[in-house]
Every structure is written in structure tokens, then in C-alpha cells.
Amino acid sequence: MTRKQRRLTMIGGSLAVLALALGLVLNGLRDSIVFFSTPSMVAKQHIAEGRRFRLGGLVQPGSLKHGDNLAVTFDVADGDAKLPVSYNGILPDLFREGQGVVAEGALDASGVFRADTVLAKHDETYMPKEVADALKKQGHWKDDYVAKAGAAVNKAGAAVNEVGAAVNEAGAVAPQAAARTGEGATR
Amino acid sequence: MIAEGGHYALVLALGLALIQSTVPLLGARWRDGALMNIARSTALAQLLFVALSFAALVTLHVTSDFSVLNVFDNSNSLQPMIYKITGVWGNHEGSMLLWVSILALFGGLVAAFGNNLPLSLRAHVLAVQAWIASAFYLFILITSNPFLRIADPPIEGRDLNPVLQDIGLAVHPPMLYLGYVGFSISFSFAIAALLEGRIDPAWARWVRPWTLVAWIFLTLGIAMGSYWAYYELGWGGWWFWDPVENASLMPWLAGTALLHSSLVMEKRNALKVWTILLSILTFSLSLLGTFLVRSGVLTSVHAFATDPTRGVFILLILCIFIGGSLTLFAGRASALKQGGLFAPISREGALVLNNLFLTTACATVFVGTLYPLALEVLTGDKISVGAPFFNLTFAPLFVPLLVAVPFGPMLAWKRGDLLGAAQRLMAAGIASLFAIAVVWALARGGGALAPLGIGLGVFVVAGALNDLAERVGLFRMPFATTLRRAVGLPRSTWGSAFAHAGLGIALIGIVCETTWNSEYIGTMRPGDVARVAGYELKLDGQSQRQGPNFREMVASFTVTLDGERLSVMTPSKRTFTTRGMSTTEAALFSRGASQLYISLGDATADGGITVRIYHKPLVLLIWFGPVLMAFGGMLSLSDRRLRVGAPKPARALRGLQAAE
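Just so you know, the protein sequences line up as chains V and P, in that order.
Position one of the first sequence corresponds to residue 114 (our numbering), numbered consecutively onward.
Position one of the second sequence corresponds to residue -16 (our numbering), numbered consecutively onward.
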């Protein structure tokens, strides 16, 4: 083989692998990404039954019920709307009523969100970022969460405020999103 | 006083780093040996001052000085001593201080042991090292000072995050940082080569040990982190494709590619431009990992704090270093002369293939990790890219790579013989087919993919053994000759065989765990028996216990197999009073490489307790594989060619060295 042929073989091989990878990535992005939603977005958007998404919000106080065989039901709320969630399994260590939660699953025919994963949070001042952003956007952030956390952990108040500031910053992209989903109008 | 002293030492280190980042460069330009040698002294002095600063923070944590904000936030006087110490880096500020300490350590090591380097190369390398160090000292001093005082000191601290109160914290972050930061050396070497405009095989030989050290630690660090997540988070998962995990996987993939391409450069003087680019990319990915984890754009166990100024600052560092180095690369790379020729089917060709797949796999991880962030910034949509995406993209790219692994070492340099290699791999192929047949026959359920996966793993392991057997002439020659050959075989050959075998072993573990994992989830009362994979687990009872800074509820299970009593397992649920958090301590029982795993859920109203029991067949192989890889790396590191004689600069540089 000449130098040129060798180089062509090399480049051809590389392009083939890259094309393969690109195909895999595009295919993967089409099939396996999961969108994030809140109960009020669900109420307005009509998400098809069986379509997987992540649901975030606060666990409605008083709604947590344990059934047989580790069945659990609770409501996730974000001020305007709430959505019943059913889950089968052990809830994470830090799952509590009145606190933020992110669940992954799909709606069933009766409009109940069947979660197969309930995400844990790792810290008492930590709120899933998506939930914090969504609540912030609707103006529920300060009164619902920061006040409570601030009262509970006196000194930590400063830290939580810091988180609030961070969310504020992140909230810069919010108006656009709110307009798109049409929920800016209700606020 | 100690806090102020630590702070002051850090400022001095910054001053030294600023000197080190400029003066040696001027020295190299003016060919002034004395100025170039300043780099050595400043690097060592910098290490001393950073070490003092780090020691100061450790002292503050050990003595529980709650007048320091960092100690107040992350420590408690009741905490066991080990967690007081590990708590130093169990928070944002402290972990950044650990980061720069390790950076200074590597700089100091190059200064101390780099006597065989040409003077101007060493000056350049240490100067680039100092640029990185200066940026991170500034970052710590401006945005994340760990030595801040509180005006009226509280009596008691807020305790370390309970999830982090584990021996894993003592091992995982330092290992991972040794890996991340270790790649800064190959980065500095690459930038130095571009600045000097010359590069030769000796360069690859100087860089190799540093890359290898970083790779070994990164491998162990990732494996350790995975095992920690496995037993601490209580879900029995060992890899979640979490962005933070991906952030450590990406430099590992690029670093593995770098190890292989620098081999081509060292032996055959080819792939120079590519190797330089990989050095830059690997450390850039390490920086990206630091940014993802430390900026607060992601929320996870690793994101300690979300302060926008920090994120912006790290982003700035990231842009300057990655952008700057890639610009320099674009400008200078064409000046580097192309080296040796080789046919597509050859050892070099195989290593190119390896690089191609590793970097492509790395790119898919990159897309999966950053796409959600990019999409959120651009459109405001929030999405998550999870395991399904990576299974669909990463796995198909890794399979051909694994098939090719045993062929690589069988091919000759320059021009290889694929048919000959295949013939010599016959034994490995037979072993693999045999394994597939046996697994197929024995396995109940799990589909066709599992036996094939195990067959692939066996092929990789057997291929590594096969390569060794070929080299020592096993069964073809008298045993004494074989033994003599085995002793004479270069350590790096043994090293690569171990590392490749480790890959196959990890794959076997992954396939077994994901396919034949069995679980039991349910509510149990004392006296109840759960049956999992033939084992009987009887809940004997529960008891309360008081730990140093927590209360725990311990459940006791008796494990029996076919009526034989094997062990007692005691999973527990801890409640940490200071933070009001609870953690689940899983109980593990190993039999061979398989494990039983119990984690507790909540107590139910009627006196029962929810439990999760897993039987994970051959799960320990998942971590044994990487340990074997790291061991292979260490063997390779001890190869005599990296120590003895070999690293001699190319001719043109001799004149410079004489000036020393």
C-alpha cells in the first residue's frame, strides 16, 4: 500500500466509527431522554399515557398512605395543582411529607402517576434543582421552603439563602420557559 | 492563629506560583540556566507552603476549632477522629485545598526527580504547572477560603454530612484527585512541547510514568467510588451514569487512550500530534469534571455548595486553559514532524483502533452528560439522560474494542499478520466458545446476550494469558526455558496482560450482576424468613444501639443455605441527631465473589420492617477487575526501561544541557 492508501484506510475507518457513534447517539437521544414536569405543567400539557417523564414538586402533607406489599401512594403538589403518585418499594431515607421530591415514571389510564423510581436527596438543605427552579418560577419558593428550612436550622439560614440566590440566577432562563408552557399567564 | 497561618501560607504559595509561572519562561528564552533553575526551587517551596496550609486545616478539624466556619459547618466534637480528618475534604473548600495540595505535590515530584529532563523542558513544564496552580490558588483565596472565622464562635459544630461519614471518604477523593490532577503533568509536558516547538520519542518516555501514575490512581479512585456508592446508598447499584460519575469516567477513557498512543510515540515516533492533543484533552476533561462537580450546576452527593461566583470562576479557568491550550495546539501542531509509517494491520494500527473507540466512547459520554445542561441553557427544557442512553451508545462502542483487545499485543510493529494472530489466539477463542456453551446450558433466563457477554469477557482474559503463553513459549519449549523467558519478560508486558485481563474480569462481573441479580423486597417481622437465590434469611430481631454521634436500629438476620448456618448479618438504620438525617447501613456477606446484600427501609406501624435483600452473583469481580488493572499499571511502572538509561534527550538538546 502507498502512503496515500494507508492514510485513506485510516481516515475511512475513523469516519465509519464516528458515523456509527453519531447514529447511536442520535438514536439514544430520541428514545431514552426523559423530560421534567411539575403537576401544574401536567395539568396543562396533556402528557400521553405511558410516556415516561420526571415529576417534581412537594409531597403534599397528609397524603402519604402505605398499602399492602410496600405499595405507597402520595400526592405531589406545586401550589396550583397536585397529582396522585403510586409507587411500589422502599422510599428513600429522606423522603418526607412537605419536602421536595422527584419521581420518574408514567401516567396510567386513570391519571395516576406510576413511579418506578423515587429520587433521594442527600442533605437536609438540598432540594432537587428542578423542583427548586419550578417552585421559584411560580413564586412558591420563599414561603414554602426557605422559611421552613430557615426556621428549622437557624444558622443554616444563610446557606439556604445562598441556594436561593443560586436559584435566582438559574431562574434567568425561566420567563422564556414559562411563556412556552403557558403557565406564566396564570401567575 | 493556626487558621491565619494556613491562610498566609496559601497566599505565599500563590506568590511562589506566580514567580514560577513567569521567571523560568524568561530564563528559557534567554537561555539563562540560573533563571530556569528557579522553577525547581519554587516548585519545592510551593509544595512546602501548601502542605503547611493543608496541615493547618487538618489541625483545625482535629482540634474541633468551631470558630472557623469550615470546621463549624462540617465537623462535630462527637465525631470519631477518622471522620474529623476526612471531613477536611468532605466539603467544597477543603476538597479544593486537597486539589491544589496534590497539584503542588506533583509539581514538587517533577522538580525533585526530573533531573534527567533537559533544563528548558523542565522549566517549561514547571511553569505551565504553576499557571494551573496560580489559577486554583486564586480561586480558593477569592471564592472558597477554608480559613474564614466566625465572629462569635458556637460551642458545637453542625456535623459532617452523614452520607460521607464512612471510610470511603478517606480513600475515594484523595485517590480520584491523584488521578485527575496527575494528568496535569502530561498536560504541562504537552504544552511545554508545543511552546518549545519540538518533540521526540524521549518526550513520550518521560511523560509515560506520570500518565501511568495518574491512570492507576484514577482507576482505583473510580472503582472505590463505585463500591462506596454500592454499599452506602442502599440501592445495591454500582454505577448510575450520574453526571458526576461520568465526569470521572471521561478523563479515564481519554487517559487510557493516552497511555496507548504514547506507547506508539515512544516506540515508533508516530502519532505525535495526536498524543499531544490527547494529553491536552485528558486534563481538560479533568478540569471539566472539577467544574461539573464544584460549580453547583449539578446536584448530587458531590455538589457541596451552590454559589454562582464559584461556578463562574471555575468556568473562567476552564475556558482559559482549554481554549488557550487548544489554540496553541492549532497554531503549533503542524510544525511537529510526522513520524514512522505503518500499515493499517499492525501494532500501531491496533493502538489507533483502540484510541478511536476509546475517544468515541468518551465523546458519547460527553454528549450524554452535557446535552441536558446545554438544552436547559438554550431552551429552558429540563430533561435527564440516564442509563438507557448510555447502554444504547456506550456499550455498542465498547464491544468491538473488547473483541480487538487480545489481537493488539499479538500483532507486530509496522506490519502485522492478522491471520497469524488469529491462529495464535485459537486457545482463547476455544475457551471463549466453551464458556458461552456452558453458560448457555446452565443459565435459566437472561436471554442470549448474557452468555455472549461472558464469552467476550473470557476471550479477553484468555487472550491476555494466551499472549503471555506465546511469549514464554509455554508447552512448545522445555519448562526451564519457559521459566527463564517468563522471568526475562519485560514487566510492562506482564503489566499489560494483567490490565487487559482485569478488563475481561470486570466485564464478567458486570454481566453476571446485571443478568442474574435476584432480589426480595418486603415487610418482615421477627421470625419471618426470606428466601433469595437458595439462601434463607431469618429476621431474628431488632435492637437499638447508641453510636458516638448517632442512634441506630440494628436488625439481625441469620443466613442459612441448605440447613447449614452460614453467618449473621446486621444491617442498620442510623439517625444522626445533629442534622436530623438518617442513613442506611447495608450489611454485606461475601461468598466467593458473590454477595448477599441487605438494606433496611422504614419500620411499619404493625412492628414489621421493610427490607431489601439482594443476591448479587460474582459482583465483586466488578471491582476486582479495576484493581487488577491498577496492579498491571504498577507492574508496568516498575519496568526498567522507565528507570534505566533510556530517557536521553534527542541530539539538538544536548548543547542546552551542557549549559547546566
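By construction, these hints were calculated from the structure, which means they are not laboratory data.
Each residue gets a CB set at the ideal place from its N, CA and C atoms; glycine is no exception.
Treat the hints with care, since some could be wrong.
Said to hold, decoys possible - Label pairs and their calculated CB-CB ranges:
#1 Gly(-2)(P) / Asp229(V): 35 to 45 Å
#2 Arg209(V) / Ser50(P): 27 to 37 Å
#3 Ser550(P) / Asp229(V): 56 to 66 Å
#4 Gly180(P) / Arg120(V): 38 to 48 Å
#5 Lys157(V) / Ser50(P): 44 to 54 Å
#6 Arg164(V) / Phe223(P): 28 to 38 Å
#7 Leu402(P) / Thr115(V): 31 to 41 Å
#8 Leu432(P) / Arg209(V): 46 to 56 Å
#9 Leu466(P) / Asp229(V): 35 to 45 Å
#10 His179(V) / Thr541(P): 49 to 59 Å
#11 Leu432(P) / Thr115(V): 33 to 43 Å
#12 Asp229(V) / Gly563(P): 21 to 31 Å
Claimed, not checked - Capping the alpha-carbon separation at 25 Å, the derived lysine to aspartate or glutamate pairs in DMTMM-like fashion look like this:
#13 Lys195(V) / Glu162(V)
#14 Lys250(P) / Glu359(P)
#15 Lys521(P) / Glu217(V)
#16 Lys178(V) / Asp364(P)
#17 Lys195(V) / Asp181(V)
#18 Lys195(V) / Asp364(P)
#19 Lys521(P) / Glu568(P)
#20 Lys521(P) / Asp585(P)
#21 Lys178(V) / Glu547(P)
#22 Lys157(V) / Asp15(P)
#23 Lys178(V) / Glu162(V)
#24 Lys250(P) / Glu228(P)
#25 Lys157(V) / Glu217(V)
#26 Lys157(V) / Asp144(V)
#27 Lys250(P) / Asp400(P)
#28 Lys521(P) / Glu547(P)
#29 Lys320(P) / Glu179(P)
#30 Lys157(V) / Asp181(V)
#31 Lys178(V) / Glu217(V)
#32 Lys157(V) / Glu359(P)
#33 Lys117(V) / Asp149(P)
Against the structure, the hints:
{"no.": "1", "hint": "Gly(-2)(P) / Asp229(V): 35 to 45 Å", "in the structure": "56 Å, violated"}
{"no.": "2", "hint": "Arg209(V) / Ser50(P): 27 to 37 Å", "in the structure": "33 Å, holds"}
{"no.": "3", "hint": "Ser550(P) / Asp229(V): 56 to 66 Å", "in the structure": "32 Å, violated"}
{"no.": "4", "hint": "Gly180(P) / Arg120(V): 38 to 48 Å", "in the structure": "24 Å, violated"}
{"no.": "5", "hint": "Lys157(V) / Ser50(P): 44 to 54 Å", "in the structure": "52 Å, holds"}
{"no.": "6", "hint": "Arg164(V) / Phe223(P): 28 to 38 Å", "in the structure": "23 Å, violated"}
{"no.": "7", "hint": "Leu402(P) / Thr115(V): 31 to 41 Å", "in the structure": "23 Å, violated"}
{"no.": "8", "hint": "Leu432(P) / Arg209(V): 46 to 56 Å", "in the structure": "40 Å, violated"}
{"no.": "9", "hint": "Leu466(P) / Asp229(V): 35 to 45 Å", "in the structure": "57 Å, violated"}
{"no.": "10", "hint": "His179(V) / Thr541(P): 49 to 59 Å", "in the structure": "27 Å, violated"}
{"no.": "11", "hint": "Leu432(P) / Thr115(V): 33 to 43 Å", "in the structure": "42 Å, holds"}
{"no.": "12", "hint": "Asp229(V) / Gly563(P): 21 to 31 Å", "in the structure": "28 Å, holds"}
{"no.": "13", "hint": "Lys195(V) / Glu162(V)", "in the structure": "17 Å, holds"}
{"no.": "14", "hint": "Lys250(P) / Glu359(P)", "in the structure": "46 Å, violated"}
{"no.": "15", "hint": "Lys521(P) / Glu217(V)", "in the structure": "33 Å, violated"}
{"no.": "16", "hint": "Lys178(V) / Asp364(P)", "in the structure": "32 Å, violated"}
{"no.": "17", "hint": "Lys195(V) / Asp181(V)", "in the structure": "24 Å, holds"}
{"no.": "18", "hint": "Lys195(V) / Asp364(P)", "in the structure": "21 Å, holds"}
{"no.": "19", "hint": "Lys521(P) / Glu568(P)", "in the structure": "18 Å, holds"}
{"no.": "20", "hint": "Lys521(P) / Asp585(P)", "in the structure": "18 Å, holds"}
{"no.": "21", "hint": "Lys178(V) / Glu547(P)", "in the structure": "40 Å, violated"}
{"no.": "22", "hint": "Lys157(V) / Asp15(P)", "in the structure": "72 Å, violated"}
{"no.": "23", "hint": "Lys178(V) / Glu162(V)", "in the structure": "24 Å, holds"}
{"no.": "24", "hint": "Lys250(P) / Glu228(P)", "in the structure": "34 Å, violated"}
{"no.": "25", "hint": "Lys157(V) / Glu217(V)", "in the structure": "19 Å, holds"}
{"no.": "26", "hint": "Lys157(V) / Asp144(V)", "in the structure": "24 Å, holds"}
{"no.": "27", "hint": "Lys250(P) / Asp400(P)", "in the structure": "19 Å, holds"}
{"no.": "28", "hint": "Lys521(P) / Glu547(P)", "in the structure": "13 Å, holds"}
{"no.": "29", "hint": "Lys320(P) / Glu179(P)", "in the structure": "13 Å, holds"}
{"no.": "30", "hint": "Lys157(V) / Asp181(V)", "in the structure": "33 Å, violated"}
{"no.": "31", "hint": "Lys178(V) / Glu217(V)", "in the structure": "19 Å, holds"}
{"no.": "32", "hint": "Lys157(V) / Glu359(P)", "in the structure": "21 Å, holds"}
{"no.": "33", "hint": "Lys117(V) / Asp149(P)", "in the structure": "58 Å, violated"}
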